Amino acid sequence: MMGDKEKKRVSSLTDLPHEILEAAYKSGIEASEDKRSATYMYIDHSLVLSKVNEHFAGRLELLDTKDALDKYSWLQDYLWDIIEPDKDEVTKSVFEEFGGGYFIRIMAGARVEFPLQSCLMISGKKVKQKVHNIVIAEEGSEARIITGCSMHTKAERGEHLGVSEFFIKKDAKLNYTMIHNWSEQMKVRPRSATRLEENATFISNYILLSPVKDLQMYPMVYCEGVNAKTELNSIVYARGESRVDIGSGVVFNAAGCRGEIVSRVMAKENSNVKARAIIRGNASPAKGHLECKGLLLDDTSVIHAIPELVGARKDVDLSHEAAVGKIAEKEITYLMSRGLSRDDATSVIVRGFLDVDILGLPPNLQQEISSMVDKMDLGL
Amino acid sequence: MNILELENLSVEVEGKRILEDINLHLPEKSTMLFFGPNGSGKTTLLLTIAGMPGYNITSGSITLNGVDITSLDVDERARLGIGTGFQLPPEITGVKLRDMIKICAGGRPGDDLTKEERNLIKRFKLDDFINRDINLGFSGGEKKRAEMLQMMALKPKLLLLDEPDSGVDVESLKLIGRELQKYLKASGASAFIITHHGDILEHLDSKYACVLMDGRIWCRGNPREIYDTILARGYRECAECHVRHPMED
Ligand SMILES: Nc1ncnc2c1ncn2[C@@H]1O[C@H](COP(=O)(O)OP(=O)(O)O)[C@@H](O)[C@H]1O
Ligand SMILES: [Mg+2]
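Chains as they are written, first to last, in my numbering: chain R, 11 to 390; chain B, 202 to 450.
It should be emphasised that the hints constitute simulated quantities derived from the structure, not laboratory data. Note that this is a predicted model, so its numbers are computed, not measured. Heads up, some of the hints might be wrong.
[Unchecked claim] In silico BS3-like links for lysine-lysine, alpha-carbon gap of 27 Å or less:
#: 1; chain 1: R; residue 1: K303; chain 2: R; residue 2: K284
#: 2; chain 1: R; residue 1: K278; chain 2: R; residue 2: K239
#: 3; chain 1: B; residue 1: K217; chain 2: R; residue 2: K340
#: 4; chain 1: R; residue 1: K340; chain 2: B; residue 2: K356
#: 5; chain 1: R; residue 1: K17; chain 2: R; residue 2: K136
#: 6; chain 1: R; residue 1: K36; chain 2: R; residue 2: K180
#: 7; chain 1: R; residue 1: K197; chain 2: R; residue 2: K183
#: 8; chain 1: B; residue 1: K386; chain 2: B; residue 2: K326
#: 9; chain 1: B; residue 1: K358; chain 2: R; residue 2: K340
[Stated by the list, open to error] Chain B residues, not near chain R, derived (Cβ > 10 Å throughout):
#: 10; residue: N239
#: 11; residue: M253
#: 12; residue: T285
#: 13; residue: F287
#: 14; residue: K316
#: 15; residue: R324
#: 16; residue: N332
#: 17; residue: S367
#: 18; residue: S407
#: 19; residue: R425
[Said to hold, decoys possible] Covered stretches of chain B, as calculated for chain R (at least 3 residues, CB under 8 Å):
#: 20; stretch: 272-278
#: 21; stretch: 299-312
Yeah, the Cβ is synthetic: ideal placement off N, Cα and C, and Gly gets one too.
Chain R extracted, bound-state conformation:
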């Protein structure tokens, strides 16, 4: 299989080598599994750990996609249901062959208070990781997922191709947070789509704070049921010659839907960011808003904001705000007037810009992620 040897399975995260754990922590993975409802770990081309916290047994299911396909014949109907296999080179490649990925199913009516965590890691040289993830939030369920994609310090020139399909059923709520921690040598191609049924809610948060050679993604959310709601937030800090082309899209195909896209982008050190967003109103009434703020920290980088609104019914209400520029001098001097040096004032503003409060996470999870951001070397 792809010429690489299988990784050994472990029964607990703490059985993993120290460097692997370190890399996992940097993408939000929590070592003490009792604070998580389930843990999934996939390295290079193989599943390493897949475990449901016994406290949550029966409320959710976590398997490797390949195992899940063997177990459930009905799962074939979900595979490639909302993403076209021949959409692009990435989907074609994953369609031909994939190594695994997570299958997560939150049972009908289940409340899963603790987040479920998954980590997709690249540890070897020139690894081309191909995964297919499927998430099903059954009717009336409520859960949170944190996915970290990370790499080992010894990994070199890798590629991550990931197809993810999310199905949020009637009245279900899913909060999905993805933290990427790649390196200057990684090419990253996630392809995701989400389908929302009646009265379903999907909140997606994307955080990228470390440099990446080349990342391109444009996850789409299709609101197919009446009164479906979605919020898509992203925080991107592009540095170290990062090439990032990232978008978020929402399509309203039913009445009463609401959607909000918020993106915050910072760039420095010869980085280039395209921040795309689109909201399509094909059904009404529907209300959508998108907001894109770009902050340039030096003169070597480019932020290109491309917000799009497409209304096809007269009763859609779509709006956007976009701004790209440097840190406003009056914000710096305001903080200086409170006694901060210019450098400290700048750092407070930058950290504020990366504030994870916009992510709509429950307080303790928010605290966790913000302390993770605090610990990161932001190179400020």
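Knowing the structure of chain R, use the given hints to seat chain B with the ligands on it.
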């Protein structure tokens, strides 16, 4: 001892002369009110004392507590005890009111609030605002309360307040006025306050006032008398009065 001395101060903004030969001494533990029509240079004077960039001092000097601060940056002046309450404070994405309070108190954003700080927030009726981005979507009056709250956390020796009473409702005005006076009395700090209204005088113990017109100090005197004159006869009377009784300093 004077807390503040301005000597022959002239200031340009973007190459345009705004203030002309300002001379002013503010004794310690005292409060001075500043009146003047729109565009007369009040904010320019206040922000020049604060040390905000863009206010180019072409001549003269500023002395704080006997120390010449003319060439110091705004943050250095803040650390020497100047606290500035802005007329139009900026909004900062992701920086919360609570972060501002911690910064003013010498801490770091994200630090826990002390009991004293929590009480202060309560007194200023800003409990619901502490986790909101500073000034973002605050009403005019809320911004003024937030500015004053920050001043109380900063504990300056000299407060520079630019229209702390503009756009503020009656109750908030009372609150701001009383808290300010309480702080000044307890700390022995001084204040330099720009205002268009007499109402704040009710709460302040102040013996000094100036009228600024056309970038010059036009008149000095008792705040109440000056305010009543302006109210009764307008700034034009100040101009005429100035012609009849040229000011000697
Ligand atoms: N940044 C600036 N650029 C150009 N002119 C300015 C600037 N700031 C103030 N001024 C001008 O200086 C004069 C005094 O303004 P200001 O000090 O704000 O007056 P006040 O506070 O008394 O209303 C006005 O004519 C104003 O237009
Ligand atoms: Mg003014």
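Verification of the supplied hints:
1. R:K303 / R:K284: At roughly 12 Å apart (the allowed maximum being 27 Å), K284 of chain R and K303 of chain R satisfy the hint.
2. R:K278 / R:K239: The hint is violated at about 34 Å.
3. B:K217 / R:K340: holds (20 Å)
4. R:K340 / B:K356: Within the cut-off at roughly 22 Å; holds.
5. R:K17 / R:K136: Within the cut-off at roughly 16 Å; holds.
6. R:K36 / R:K180: violated (34 Å)
7. R:K197 / R:K183: violated (31 Å)
8. B:K386 / B:K326: Holds, at roughly 22 Å.
9. B:K358 / R:K340: Holds - the C-alpha atoms of K340 of chain R and K358 of chain B are around 23 Å apart, at most 27 Å.
10. N239: holds (21 Å)
11. M253: The claim breaks: M253 of chain B does not keep its Cβ more than 10 Å from every Cβ of chain R (closest is about 6 Å).
12. T285: violated (5 Å)
13. F287: violated (7 Å)
14. K316: Since the minimum Cβ distance to chain R is about 21 Å, K316 of chain B lies beyond 10 Å and the statement holds.
15. R324: holds (20 Å)
16. N332: Not fine: 8 Å to the nearest Cβ puts N332 of chain B too close to chain R.
17. S367: holds (18 Å)
18. S407: holds (23 Å)
19. R425: R425 of chain B clear of chain R: closest Cβ-Cβ about 30 Å, beyond 10 Å.
20. 272-278: Held - the stretch 272-278 of chain B has 3 residues with a Cβ nearer than 8 Å to chain R, which meets the minimum of three.
21. 299-312: holds (count 7)
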